[in-house]
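K.L.:
Construct the entire structure; sequences and hints are all you get.
Line by line, the protein sequences give chains A and B. Every letter in the first sequence is one number past the one before it in the numbering used here, and letter 26, counting from 1, is 26. Every letter in the second sequence is one number past the one before it in the numbering used here, and letter 94, counting from 1, is 94.
All clues stand as given, with none of them false.
Here are the simulated BS3-like pairs of lysine-lysine, each with C-alpha atoms no more than 25 Å apart in a straight line:
1) B:K26 <-> A:K28
2) A:K28 <-> A:K84
3) A:K90 <-> B:K26
4) A:K28 <-> B:K91
5) A:K84 <-> B:K26
6) B:K91 <-> A:K90
7) A:K28 <-> A:K90
FRET-style restraints, in silico, Cβ to Cβ:
8) A:K84 <-> B:G97: 24 to 34 Å
9) B:S4 <-> A:F89: 44 to 54 Å
10) A:D95 <-> B:L119: 42 to 52 Å
11) A:D93 <-> B:I60: 30 to 40 Å
12) A:I81 <-> B:I103: 20 to 30 Å
These stretches of chain B come out as covered by chain A in the derived footprint (C-beta under 8 Å, 3 or more residues):
13) 92–98
14) 135–142
Hint data in this document are derived by calculation from the structure and do not stem from the laboratory. Everything numeric in this text was worked out from a predicted model, so none of it was measured. For each residue, glycine too, the CB sits at the ideal point set by N, CA and C.
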Amino acid sequence: METLGHNIFLFVGALLFSCGIITVLTKKNAIMMLIGVELMLNAANINLVFFSRFDPGLQGQMMALFIMVVAAAEAAVGLAIFLKVFQHFKTADPDMAGTMKN
Amino acid sequence: MIPSEVFLYIFAFITVGFAIYITFSKNVLYSAFALLGTLLGVSALYVLAGADFIALTQIIIYVGGVLVLIMFGIMLTGKVTGSRELISGLKNPVLGGITGIIIFCVLVLAILKSNFVALDWISRSAETGSGIKESTFFTIGKNLMTTHLLPFEVAAILLLVALIGAAYIASGKVKGE
Chain A
1 METLGHNIFL FVGALLFSCG IITVLTKKNA IMMLIGVELM LNAANINLVF
51 FSRFDPGLQG QMMALFIMVV AAAEAAVGLA IFLKVFQHFK TADPDMAGTM
101 KN
Chain B
1 MIPSEVFLYI FAFITVGFAI YITFSKNVLY SAFALLGTLL GVSALYVLAG
51 ADFIALTQII IYVGGVLVLI MFGIMLTGKV TGSRELISGL KNPVLGGITG
101 IIIFCVLVLA ILKSNFVALD WISRSAETGS GIKESTFFTI GKNLMTTHLL
151 PFEVAAILLL VALIGAAYIA SGKVKGE
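P.N.:
Here's what the structure looks like:
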């Protein structure tokens with residue numbers, strides 16, 4: 001089938017996921033980690049949308065839509081928490097913000 | 001006429017290039033701008049996969065919302081930490097890099113080994129020639145109002161909760177301070 005020859009979607013998804021996971025694991029800045037999480041979510045969305053092209057019911061695209069909504073909520077709450085942590089600990093490195101109380 | 005495959009490879013190259021730049025860049029602000037390129041490239045890939053509504057939503061939500069939020073975060077934390085340029089250091093780069101490369105190899109192996117055409121619904125779609133032929137707006141709108149009504153409402157409540165929670169956490173005084 002000719003449309004499955006477009007496997008490049010899957011490879012792009014795999015590479016985006018790997019880039020995201022490397023970014024999350026190796027960066028010290030919390031905002032870089034958030035960017036990595038966004039990359040991984042986009043990789044998952046690429047796979048969902050690619051396979052949804054064979055499905056007239058568009059289940060995969062619906063799932064991608066809800067993933068986007070959750071990602072937006074996650075980014076908003078995550079950044080709010082990060083800002084509070086930055087103000088308290090005066091550092092952007094999550095490793096330095098180790099204590100829960102005082 | 002240029003075949004769509006050329007565009008597919010161009011946009012895939014743009015997406016992957018910016019993603020790799022994010023991985024190796026140390027400057028947080030440049031990474032956020034590279035994320036803009038990646039998100040736009042992914043949105044172009046959605047168009048080429050026949051998902052026009054998702055592509056528009058990607059631009060509106062990610063580029064218009066999440067990326068602006070991340071920019072705000074970078075500007076505000078730059079003020080807090082007091083440094084002019086936000087440089088992100090590395091922690092355990094070797095272990096993290098090896099983990100990422102292993103995951104990439106496993107994913108590529110899985111993609112190369114698997115035979116997606118053997119899947120039930122994909123072969124059925126290949127036989128009948130069904131699949132995305134026209135705009136997806138009508139189908140998505142119908143789905144959202146009928147079969148996916150409950151997730152739609154739950155997503156609405158989730159967004160409301162996230163908005164209130166983010167505003168409360170970021171602005172309000174925490175008790176005991």
